[in-house]
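Listed below, chain by chain, are the residues.
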Amino acid sequence: MNRIVTGAHYGLRDWLAQRITAVIITLYSIILGAALLGAKPITYGMWRDFFAHGWMRVATLLFAISLAWHAWVGMRDVLMDYIKPTGLRLFLEIGTILVLAGYVAWTIQILWR
Amino acid sequence: MTTSAPAKRERPKYLNLPALLFEIRLPLPGKVSILHRVSGVLLFFPFAAWLLYALDRSLTSEQDFAQVQAYLRLPLVKLGLLVFIWAFCHHLCAGVRFLFLDLDKGIDLKAARVSAALVLAVSLLMTAFFAVKLW
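In the order they appear, the protein sequences are chains U and P. Counting in this note's numbering, the first sequence runs from 282 upward without gaps. Counting in this note's numbering, the second sequence runs from 621 upward without gaps.
Don't read these hints as lab results, they were simulated from the structure. You can take every hint at face value.
Below, simulated DSS-like cross-link-like pairs (lysine-lysine); rule was C-alpha separation at most 30 angstroms, straight line:
{"id": "1", "chain 1": "P", "residue 1": "K753", "chain 2": "U", "residue 2": "K321"}
{"id": "2", "chain 1": "P", "residue 1": "K698", "chain 2": "P", "residue 2": "K651"}
{"id": "3", "chain 1": "P", "residue 1": "K698", "chain 2": "U", "residue 2": "K321"}
{"id": "4", "chain 1": "P", "residue 1": "K753", "chain 2": "P", "residue 2": "K651"}
{"id": "5", "chain 1": "P", "residue 1": "K651", "chain 2": "U", "residue 2": "K365"}
{"id": "6", "chain 1": "P", "residue 1": "K698", "chain 2": "P", "residue 2": "K753"}
The calculated label-pair distances, taken between Cβ atoms and stated as ranges, are:
{"id": "7", "chain 1": "U", "residue 1": "R294", "chain 2": "P", "residue 2": "N636", "range": "31 to 37 angstroms"}
{"id": "8", "chain 1": "U", "residue 1": "V286", "chain 2": "P", "residue 2": "F749", "range": "43 to 49 angstroms"}
{"id": "9", "chain 1": "P", "residue 1": "A731", "chain 2": "U", "residue 2": "Y363", "range": "28 to 34 angstroms"}
Below, a sample of chain P positions facing chain U; criterion: calculated Cβ distance under 10 angstroms:
{"id": "10", "residue": "V661"}
{"id": "11", "residue": "Y673"}
{"id": "12", "residue": "L679"}
By construction, the Cβ of each residue, glycine as well, lies at the ideal position given by its N, Cα and C atoms.
Let's have the full structure, built from the sequences with the hints guiding it.
Okay, structure coming up:
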């Protein structure tokens with residue numbers, strides 16, 4: 282097979298990971314959305330305590346990691362379709378990874394401060 | 621110069637932005653697909669960064685929380701939130717549809733068109749629901 286450095290889909294892993302992370306993101310979003318819609322008005326104390334629960338921190342971190350992984354596969358697919366020069370594509374892929382890693386680090390900082 | 625060549629042939633048409641926007645008319649499943657991409661990119665940036673910033677501030681202190689609440693009440697910010705909500709709902713609904721297609725469910729033309737229309741309609745209805753909640 283003719284492999285290039287900014288290519289993908291040489292296996293099933295990314296495709297499957299994107300779908301598994303999609304299900305995790307969906308479940309977390311629906312549960313969080315329902316909880317927020319059901320609890321109005323929200324005070325600062327409620328909000329802080331909600332994100333202080335150990336299970337909520339872990340669930341939110343798993344959500345953030347799933348989101349980052351999912352977005353990586355998706356963004357790379359988009360870049361592979363529309364950005365043809367290899368150098369520019371690699372540059373944008375690295376940028377995407379840095380932004381996503383930054384999001385996850387930021388999430389950890391918010392949750393455990 | 622005169623030529624006796626056959627009548628001028630239609631030149632091949634290459635993909636470019638004006639052609640994509642105004643000339644090529646995608647079928648409904650195509651529209652759902654491209655909007656899935658557009659909404660996905662928007663969620664990656666700027667919406668994820670924007671919401672993380674709001675979450676960060678809202679968990680910093682009582683005053684910051686109040687400031688975020690006031691910020692989220694500004695009409696322009698609500699409009700931005702609504703775009704986020706649409707992007708999220710469309711990406712979610714279209715994603716669920718793709719998962720079913722992956723499982724070979726609803727792949728004949730008629731079902732695919734119906735489910736595409738359903739995705740567009742349901743995500744707009746969900747956006748309308750949240751718009752009412754926001755205002």
